[in-house]
Amino acid sequence: MSWLHDAVSTIILALSWPSAIYFLLSNTAMLVLVLLASRHFVRHLRESDHTGREAMAASPLSPGVSVLVPAYNEAAVIRTSVRSVLDLRYPDHEVIVVNDGSTDATMQVLREAFDLVPDDRDIPGRLPVRGEIVAVWRSRGGVVPLTVIDKQNSGRSDSVNAALDLASKDLVVMVDADSILEPDALLSVSKPFADDPDRVVATGGAIRIVNNSRVLGGRIVEIRMPKQLIARIQVVEYLRAFMLGRTAWSDLQALVLISGAFGMFRRDVLLEVGGLDPDSIGEDFELVMRIQRWIRDGRRDKRVVYVPEPVSWTEAPSTLQVLARQRRRWHRGLWEVLWKYRGMLLRPRYGRIGAVALPYYWLFELFAPLLEILGLVLIVLGFATGALNTGMAVFLIVVSYGYGTLVTLTAVIVEEASFHRYERWRDLGATLWAVLAESLGYRQLTAVWRLQGWWAGLTGRTQVWGEMTRAGFAGTTDASGRAGDAEGRG
Amino acid sequence: MSWLTDGVMQAVLLITAGITLGMLASLVVQRTLRRRRASVRARLDERIRPLVLAATVAEDDETDALLARVRALGADERAHVRRTVFAMLRDVTGEAADRLRAVGDAAGIVPRVLALSEDRSPALRADAAEALGLLQPPGALALLCRLAEDPVPAVRTVAIRALGAYTEPEAVERVIAALATDSGVPNNAAASALLQQGLAAGDRVRLALEHPDAGVRRGAARVAGLLQAPGVGERLVGLLDDDDESVRLAAIRSLERLPVAAAVPVLLEAALADGRDGEAAAATLAAMPPAWTTGALARIEAQGVPAVRRAAGIAREALA
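Order-wise, the sequence lines are chains A and B.
Take the first sequence: its position 50, counted from the start at 1, is 50 in my numbering, and no numbers get skipped.
Basically my numbering = 1-based index in the second sequence + 490.
Okay, chain A solo, but in the shape it has when bound:
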């Protein structure tokens, strides 16, 4: 087998340094993002006493918000969910629920709970909607600012578009019916619009994981780390890649992704760019990319802003099967959007988006699983054939996983110094264990799933959303539906 030894040696010799440099750069880039975000948090915390949120909560001058809630088979939670959205602390908001062809009693529950009557006004039709609208309902006498669209099943994006068409306020926010919202969620995320109404066109809020936290009446009453290790790892993953990563991209004015589970937009801009793309798997990413292109192509002085304050809590996948499906979908969405907007890559016209954010997403997000799996295969082959220098193997592992773990630990420290939502000592222990465990199998597994998703995208296989059986929130009714999809990509 000397030929195999020689071949593996040659490959390892050729790839070892590029791999080491790649992982060094990848982790350093994430570390820089985490440090940039920490600088933002220091400023944010210093000014947090003077945000003017109370004044905004009481002011009739605050911009109106339409909350768009697509719902599919949510009969078990829809009443509590809509009630909690209606009860959000905000001076002027309406709620538009879209029953997306549910096969359960979602529509019936809504009609009975909110005393709905038919709304016979015109449907604007500014956006094409695929699912036929069966009826539009509103609360009797307009007592409750609630509109319900009953339509045939056509998916989440199409449902959001249907709701957007009927929205009447200046700002719209998309939330999932199964998300748990912070009482001040609308105040937090609309504040950048109120402060800079001419320039801010979209904001995203931080999404956190609710598994094992205690929820009563649609509100979180006690925050706890999830019980399952797989969900705990996602907590630190959300913290590092989503909350801190996006805060930094926002500060760099190069934010290309805000979560579909809590994104707020100027309604006129959303209508102008055509709403969500119902054919896109990564519809939230695609939308923000489209808005960024609209901004740059039109040389508009506009901004997309991320608000790191936790605004929405969602249930994360707690089984490998569901997690695998989610990650395949996310990576496929990432590939499709990056490919669709490849024309923006490295083009000076697109500023930091083209020069920094997109190269980062191509190099350190899209290609990451490929290089990670390739590296692991080479290390195993190298050991098996005796071709690998032990020192180099240790060096590669330290650079890729050890450095990565330190970056994640840095993110945990930033969280501890800023929002510190997990107050129990045992939660800190669980967090640290998750930080370590992320590199011991989780990253490798997700890399495989991501590669599968990418491959599915390249070969054009049909994407299936799938169902997730929910564990349910402690203190609430169990529910099932499309879940664990609050976030997407780093």
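There's no promise every hint is true.
Covered by chain A, according to a simulated footprint, are these stretches of chain B (three or more residues, beta-carbon under 8 Å) [as the list claims (entries may be wrong)]:
no., segment
1, 546-558
2, 596-607
3, 671-682
4, 789-802
Rather than coming from a laboratory, the hints here were simulated on the basis of the structure.
Every residue gets a Cβ at the ideal spot worked out from N, C-alpha and C, and that includes glycine.
Please arrange chain B on chain A, whose structure you already have, making use of the hints.
Chain B alone, transformed into the frame defined by chain A:
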């Protein structure tokens, strides 16, 4: 790879282990300190809060004794009284607020706030600005006017918000100046302060509707309808063909609360043009007295696009 000796590797591992231990220690220290601070505050709260509450609701003959107790407290406890008073003042008005201010006085809050207003830290100057708005000690207005010109926009914003509690002409003047596009103060914050000043700002709002700066016109237009100040209706109508879209929109929405018959033709034109103003114009027309708008709504019904017809509240059946 000749440089990658055992010694180098050991050094790398040792450094990594050292950094990791340092980070873990930092986590534990942060959490321990935070918990200790919270526990100290909770203990102080147990003693101080009842005293502050008692002084706030005390009968006149008991007040002096309670204030004397506050004055006799130690430095840490008086600092906690100041924090408690400051937090409570945000939610309390009227006589209870006056008594809270007296408690704050006894704890030495005013000299502290005055000193903070000149501190080098912008965050502390912003603290001072907010406190000046809540405590309203003698001389606060002049200080707030000065802080409204602070080099740091965040301080200016807090000062403008605090000036909302004052109705003196110079306070109104500062707030209106803060509506300007390049003031660095969010238009919403300045407009809310103007609204808080109420009818005392009415005359200046009317004049501001004709200000050359679009930000000032927009802010004034947003507030005008809510203030219902005399004489602003006609000026709002004048803004319906303003060059700035946000000014037009603010005027249209204000007219919903302050209907003016002369606005109907211009609103109808906007509604039928179906720009960004179209829906707002239709909604405003729908809110006006039917005697003025029957003809306009009939034209919207016949010629308006669906979004505008919906905003005007026109039913689908009516089309048939």
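Hints, verified against the model:
no.: 1; hint: 546-558; in the structure: violated (count 0)
no.: 2; hint: 596-607; in the structure: violated (count 0)
no.: 3; hint: 671-682; in the structure: holds (count 6)
no.: 4; hint: 789-802; in the structure: holds (count 6)
Hint check: violations occur at hints 1 and 2; the rest are consistent with the structure.
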